[in-house]
Each structure stands twice: as structure tokens, then as C-alpha cells.
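*Asks:* Sequence:
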Amino acid sequence: MSNMDLALKDMMSIDGAVGAAVVDYNSGMALGMLGSSKSLDLQVASAGNTEVMRAKMRTMEQLNLKDDIEDILITLSGQYHIIRPVTGRKSKGLFLYMVLDRSRANLALSRHRLKGIEEDLEV
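So the sequence shown is numbered by the working numbering: it starts at 1 and just counts up by one.
Simulated from the structure, these hints should not be mistaken for laboratory data.
Some hints could be false.
Below, simulated SDA-like cross-link-like pairs (lysine to any residue); rule was C-alpha separation at most 25 Å, straight line [as the list claims (entries may be wrong)]:
hint	residue 1	residue 2
1	K56	S2
2	K9	E70
3	K56	S36
4	K56	L107
5	K9	P85
6	K9	H112
Simulated restraints, written as ranges between beta carbons of each label pair [claimed, not checked]:
hint	residue 1	residue 2	range
7	E61	S103	20 to 28 Å
8	N64	K38	37 to 45 Å
9	K56	L76	13 to 21 Å
10	I74	L34	16 to 24 Å
11	L6	I69	30 to 38 Å
12	N3	R54	20 to 28 Å
13	L65	K92	16 to 24 Å
14	S2	R58	26 to 34 Å
15	R102	E70	31 to 39 Å
16	Q43	D71	16 to 24 Å
17	K92	K38	26 to 34 Å
Backbone N, C-alpha and C fix where the C-beta goes; we use that ideal spot for every residue, glycine too.
My request is simple: use the sequences and hints to build the entire structure.
*Replies:* This is the structure:
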């Protein structure tokens with residue numbers, strides 16, 4: 001099993017996980033996806049969240065912020081969407097994307113687990 005497959009499997013083992021993807025934000029393509037919901041199109045979500053990632057990076061550049069993005073959190077009434085850039089040298093240009101069922105997820109614990117997965121990921 002590849003490192004990416006293990007990362008996706010670990011992401012989906014987080015309580016409340018509905019979908020997970022590893023996305024290339026240069027192309028907007030999901031390199032790997034795993035989901036438990038028929039109503040969540042991870043291809044469309046990956047492409048759309050690529051625009052969120054690019055917009056935030058562009059804004060930080062325009063503001064001359066010399067800081068790193070830990071994650072981007074989007075809260076919906078029934079879900080959490082987490083975008084976490086991958087910081088490893090071999091994985092620059094990628095982000096982890098995760099959707100959580102808000103009623104079943106612990107946001108703080110989910111973010112902590114996602115950080116560990118991101119740190120271990122090499123693509």
C-alpha cells in the first residue's frame with residue numbers, strides 16, 4: 001500500500017470522516033480520494049477547494065505575510081471542511097482535504113490527527 005493510500009485510510013479513520021483527498025493545487029486534480037458518501041463528489045470538491053487555497057495564498061502574498069498556512073477551516077451547518085497544505089519538501093504543491101460530519105466529529109482532535117498524517121505524507 002502506498003504512502004498516499006495509508007494517509008487516506010488514516011484520514012477516513014478519524015471519527016466523523018465523510019471524505020478525504022490528496023490534491024495538487026497547481027492542477028486542481030485529486031491524486032487520491034476516499035469517501036463514504038454518495039452525495040459528496042470529491043473531484044468537484046477538490047477542484048473547488050483548489051481555488052480557495054490559491055486565493056488564500058495570493059492574498060497572503062499581496063499582504064506580504066511571511067507566515068505559513070496551518071489549515072483552512074470551512075464550517076457548514078452539518079459539516080466541517082478542512083484544507084491542510086502539505087509542507088514536506090517532496091510534497092510541495094499538495095494539500096489534504098477532509099470532510100467531517102459535524103455531529104460526530106471532534107474538530108480539535110481531527111485537526112491534530114490530520115497534522116500528524118500531513119507530516120508523515122511523502123508523495
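*Asks:* All hints are to be evaluated individually against the structure, with a verdict given for each.
*Replies:* Hint check:
| no. | hint | in the structure |
| --- | --- | --- |
| 1 | K56 / S2 | violated (30 Å) |
| 2 | K9 / E70 | holds (21 Å) |
| 3 | K56 / S36 | violated (28 Å) |
| 4 | K56 / L107 | holds (21 Å) |
| 5 | K9 / P85 | holds (18 Å) |
| 6 | K9 / H112 | holds (16 Å) |
| 7 | E61 / S103: 20 to 28 Å | violated (37 Å) |
| 8 | N64 / K38: 37 to 45 Å | holds (44 Å) |
| 9 | K56 / L76: 13 to 21 Å | holds (18 Å) |
| 10 | I74 / L34: 16 to 24 Å | holds (19 Å) |
| 11 | L6 / I69: 30 to 38 Å | violated (24 Å) |
| 12 | N3 / R54: 20 to 28 Å | holds (25 Å) |
| 13 | L65 / K92: 16 to 24 Å | holds (18 Å) |
| 14 | S2 / R58: 26 to 34 Å | holds (31 Å) |
| 15 | R102 / E70: 31 to 39 Å | violated (20 Å) |
| 16 | Q43 / D71: 16 to 24 Å | holds (21 Å) |
| 17 | K92 / K38: 26 to 34 Å | holds (33 Å) |
The structure fails to meet hints 1, 3, 7, 11 and 15 from the earlier list, while all remaining hints are met.
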